[in-house]
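**Student:** Chain by chain, the residues:
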Amino acid sequence: DAKTTQPPSMDCAEGRAANLPCNHSTISGNEYVYWYRQIHSQGPQYIIHGLKNNETNEMASLIITEDRKSSTLILPHATLRDTAVYYCIVRVGSVGSSNTGKLIFGQGTTLQVKP
Amino acid sequence: EAGVAQSPRYKIIEKRQSVAFWCNPISGHATLYWYQQILGQGPKLLIQFQNNGVVDDSQLPKDRFSAERLKGVDSTLKIQPAKLEDSAVYLCASSIDRDNYGYTFGSGTRLTVV
Numbered sequence: 001d002a003k004t005t006q007p008p009s010m011d012c013a014e015g016r017a018a019n020l021p022c023n024h025s026t027i028s029g030n031e032y033v034y035w036y037r038q039i040h041s042q043g044p045q046y047i048i049h050g051l052k053n054n055e056t057n058e059m060a061s062l063i064i065t066e067d068r069k070s071s072t073l074i075l076p077h078a079t080l081r082d083t084a085v086y087y088c089i090v091r092v093g094s095v096g097s098s099n100t101g102k103l104i105f106g107q108g109t110t111l112q113v114k115p
Numbered sequence: 116e117a118g119v120a121q122s123p124r125y126k127i128i129e130k131r132q133s134v135a136f137w138c139n140p141i142s143g144h145a146t147l148y149w150y151q152q153i154l155g156q157g158p159k160l161l162i163q164f165q166n167n168g169v170v171d172d173s174q175l176p177k178d179r180f181s182a183e184r185l186k187g188v189d190s191t192l193k194i195q196p197a198k199l200e201d202s203a204v205y206l207c208a209s210s211i212d213r214d215n216y217g218y219t220f221g222s223g224t225r226l227t228v229v
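In order, the protein sequences belong to chains Z and W.
Residue numbering for the first sequence follows our numbering, beginning at 1 and increasing consecutively.
Residue numbering for the second sequence follows our numbering, beginning at 116 and increasing consecutively.
Same shape as in the complex, but just chain Z (with noise of 0.2 Å):
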């Protein structure tokens, strides 16, 4: 089972900032946060990864709290392309470990940006 908590729907104003929550309560201290959005009609496309620090790209940010019960994907100017699913996933395992690294699903947001 998923081990996040996401908002089933969002919406967004072109142009503005989207910021998208999850909740990963029960995260272990050797697992990262990964984001993925999934276009209609293809495949998930990784955004962003994280472990407790924040970290940017030329896609998102992604803010984690403190206590890595939760964290935020940031889009900072949503455009229409935007509009997607984003899935939140904790991934078992680490670098070096033996784990398989697999990355379970959950439901997702689905973010609708709007003009």
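It cannot be assumed that every hint is accurate.
[As the list claims (entries may be wrong)] In silico DSS-like links for lysine-lysine, alpha-carbon gap of 27 Å or less: (1) W:159 - Z:102; (2) W:193 - Z:102; (3) W:177 - W:159; (4) W:177 - Z:3; (5) Z:3 - Z:52; (6) Z:114 - Z:69; (7) W:130 - W:193; (8) W:177 - Z:102; (9) Z:52 - Z:69; (10) Z:69 - Z:102; (11) W:159 - Z:69; (12) W:198 - W:126; (13) W:186 - Z:102; (14) Z:3 - W:159; (15) W:126 - W:159.
[Stated by the list, open to error] Covered stretches of chain Z, as calculated for chain W (at least 3 residues, CB under 8 Å): (16) 38 to 49; (17) 105 to 111.
Simulated from the structure, these hints should not be mistaken for laboratory data.
We put the CB at the ideal spot given by N, CA and C, even for glycine.
Mind docking chain W on chain Z? Use the hints.
**Tutor:** Chain W in isolation, oriented as in the chain Z frame:
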């Protein structure tokens, strides 16, 4: 780099028939995954390969599903016989190794069983 290739893109079969899906991962990616995504749900892992060996097939319905990756490169997933509830998108993903951070997914094969 070329992405994960899957074929066919769509397939319609009658129940109790057999079907096979093909996946060619990104060159050099040792780890390959097959996921099943039923409409309205997140993808569910069916099987994970490391090179040509099975790492995890705990969620694979082995009475009807089988998968192989004989030379550690491309892979096939087979369903025999198909049931109505097998209607789904079958996604293939690959990563450099099982400790690598990101997976790359293919566009999937949409199976409809009638």
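**Student:** Run through the hints listed earlier and report the numbers of any the structure violates, in increasing order.
**Tutor:** Checked against the structure, the only hint that fails is number 6, while the rest are satisfied.
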